[in-house]
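Student: This is what each chain is made of:
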Amino acid sequence: MRAPSPPRLTFRTRLWRAWDSDVAWSFRHSPVAILAAAMALTLLLSAVLAPLIAPQNAFDAASLNLMEGFTRPGEPSAVTGRVFVLGTDDQGRDMLSAILYGSRVSLLVGFASVVFSIAIGVSLGLMAGYLGGRTDAFIMRIADIQLSFPAILIALLVFGIARGLIAPQYHEQAAVVVLIIAIGLSNWASYARTVRGSTLVEKNKDYVMSARVMGRSPFAIMGQHVLPNVTGPVLVIATINLALAIIAESTLSFLGVGVPPTQPSLGTLIRVGQQFLFSGEWWILLYPALDLVLLALSINLLGDWLRDALNPKLR
Amino acid sequence: MTAPVLSVRNLKVEFPTRRGILTAIDDISFDIGPGEVLGVVGESGAGKSITGTAVIGLIEPPGRIAGGEVLLRGSRIDNLPQEQMRKIRGKRIGMVFQDPLTSLNPLYRIGEHLIETIRTHSTLSESAARKKALSLLEEVGIPAPDTRIDNYPHQFSGGMRQRVVLALALAAEPELVIADEPTTALDVSVQAQIIALLKRLCAQHGAAVMLITHDMGVIAETADRVAVMYAGRIAEIGPVRDVIKSPLHPYTKGLMGSIPSLTGESDRLVQIPGSMPRLTAIPSGCRFHPRCPRAFVPCPTFRPELQPEAKSEVACWLYHPFPVQAEAV
Amino acid sequence: MIAYILRSLAQAVMVMLAVALLAFSMFRFVGDPVANMVGQEASLKERAELAERLGLNDPFPIQFANFVRDMTRGEFGMSYRQGRPVRDLLMERVPATVELAFLSSLFALVFGIALGVYTAINRRGILANAVMSLSLVGVSLPTFLIGIGLIYLFAVELRWLPSFGRGDVLKLGWWSTGLLTETGRKSLIMPVLTLGFFQLTLIMRLVRAEMLEAMRTDYVKFARARGIPERSISFRHALRNTMIPVITIAGLQFGSVIAFAIVTETVFQWPGLGALFVQAVQFVDIPVMAAYLMFVALVFVVVNLAVDLLYFAVDPRLRGTTAAAK
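Protein chains in written order, with the working numbering: chain A, 81 to 395; chain Y, 6 to 334; chain D, 4 to 329.
Because the hints were derived from the structure by calculation, they are not lab data.
Do not take every clue at face value.
[To be verified] Derived lysine-lysine pairs resembling DSBU-like cross-links, with alpha carbons at most 35 angstroms apart:
(1) LYS174/D <-> LYS96/Y
(2) LYS92/Y <-> LYS137/Y
(3) LYS136/Y <-> LYS224/D
(4) LYS96/Y <-> LYS137/Y
(5) LYS224/D <-> LYS92/Y
(6) LYS204/Y <-> LYS48/D
These numbers come from a predicted model, not from an experiment.
With the rest of the complex left out, here is chain A (with noise of 0.2 angstroms):
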């Protein structure tokens, strides 16, 4: 007798599931996770949108007039009478603009290497849940050690070998690409966690047996159960790692490791403004890391909130 598989559902159907979901619900009722999503969503456009809503373009260096190098937030410029909205830094950065190319460039280190982890942490778990056996306890315990060693130290190693394998002169242009397999390579761990224990509980279930006997392919198979079952989790695992991708970013590049100086992220911009905050011009540092805190923070409370609305005990 076939076993009988799960229902598939429309589109439409599963829209207006997802709206009536108890998920969507406790988004509504929850000030906290609208008002994180507003910011974060605000954040993430003025990012996407700098090269049409910045004032200047803070990586062309030609576009700098240093005369207008440290001018204080909305006072006119000594000697060109521009104002700028937060300032500028002693290079004659807009600081306004500097901190909507900033957070593009974290934005995308953070984005990519998020998606990086997951391609790694769901495919080995999926391979160690599925093949079981030794392939199991070997992918689990890199698995164990990836997430006792500090994301730090994994991102710094990773890059200090990369840098010692490619040749000096394209240093620069691999940088946010290492940079973005560093950070990736320092958090899958949880999503092969996951992942894995799903595929241990679909695989032993009937219709996956059934459907290995009539002969479907195995990645067919974990697609179509496996897949939908943990995207909830990965989901919030994401959210929470997005934060401190972003965060790993930034402190890569504020100690000197993370993306090259023409394309300052948010952390190289704290970098340069730690020197000048000492001697006064505190807007060069602050607004940086008021962007860079906000960003986090939102990213961070979306991904509590989400993690307590995916959660089936607190209902």
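With chain A fixed as given, assemble chains Y and D onto it according to the hints.
Tutor: Leaving out everything else, chains Y and D in the frame of chain A:
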């Protein structure tokens, strides 16, 4: 009966949820006399456990007692402040839960559990409390109590643990013991021992028992009277012999008919069609009417109350005149 | 029990060997050790001689075995960048990092547990909720920003504390400590707070979560049913059970604090191992990177072992056999 130990009058317990207020127990009343064993029986979700939890005052917020009274030896206990209720728990009302493994703190020795309970409700010294603990252990049948008293819970088998739990519930000499599914988590072979022990101990200590279970066999063996609960209400309550031999309420009849009998009558087992309604979808009138083979005119509209019939009380329109113009419930 | 200890030890050794393999691979495949050690003008012959001397022509397993042997003897080679034995560099900097790591872990543990218990017991209190909200902000604050903020407030504005360095240190043998001098102590305050802050929020949330979990268990329910006072329930039943996972996780955290110190040391120009590592990464100074890795792995493994043993001592379920009596 003589002045009852426990008196529950029109008790109502509600749980506010996102989707509205759920009424888990809706207007139930019963008494338990001194030294008596009252069985509370019903399917899962009928409200048996909540009744026990409500009596001892441990309903977790946001759930609350929304109406009615609980009287212990004539004085109300449902509206007492927290600290006074705490003093009653253990000392005057004891409770035993289903799973003896999780009821005991794995990091505490058995002796520590006992001494803690004894000293909370008395002024005994540490050594006097320990002596009492040892005698309790002996009473519940733990062999070599002087060594076992310093063991941890994981070093005991399931049956032994439940004995310890019984000892703990009785440690402060309560007048009433509420036993919530005390044997469900145990091996079948051990269940009978524990039930017998429970009955004997309570009789010896003069404690009344509210025995909550879904197992009619246990009730038949142990209880003096039994209350049959359905969807948050009491369907029938009366002496055990009468309820089992001649059930009045159609639900009770269905329950009795669904128990396999070893005495040879090989009729087909009766199965009550459908299932107990969820708390979000309680039927109007008599809650059982959608599944009742004897349902007739008043049942879907008017809610029956417990009325005396023969030696029991039953809430069913088959047994007393139904109203013609009373409000629909 | 002996089996348990032996098993833990065996695992420890495995981890060290794995890390050693990684470190060794770095040596062999990343960059050219020969090129890093001789000048540009060295002839091919000189390079070949050096390669022979360094044993670079031996088969892989032999090289690895030599590497491990050297590591256990504390021979880490010469720093590419500074030209000094790595071992000396390490020894100079270990005390700074260890002092910092130890003190910040202590700080995080004490206050983390206290705050965690407080917010768990007073779930609905205003102060408790404020603390929880602050902790969420804390998790979103990168460590270096906290450091910068503290420096600005206490060093630049208020001028109470020094803004960088260790202050005066006292040398005791090969160790140097800042605890015995006034400037040393003052210099320790901000770095300890910075490094400890993240751990503190972690521990606090962990303790809170575990306490709340413990308060929901059946044994707590049963204790309430026996009339045990709430205070006893919180501090004796719940807290005791909470300590086990907390010890484990907090203990494991300590192992990684050494590595977390990287950022704090950079911000405060603290002369420790972390700062050394960052420089090594910037200049691809492989011997220093490898040595740092091994050191961190060692600390990590030792701490893990200690936690395993501690766990054993604290949880009665792990000791002896379960003597079931019917």
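Student: Which numbered hints turn out to be false for this structure?
Tutor: 1, 6
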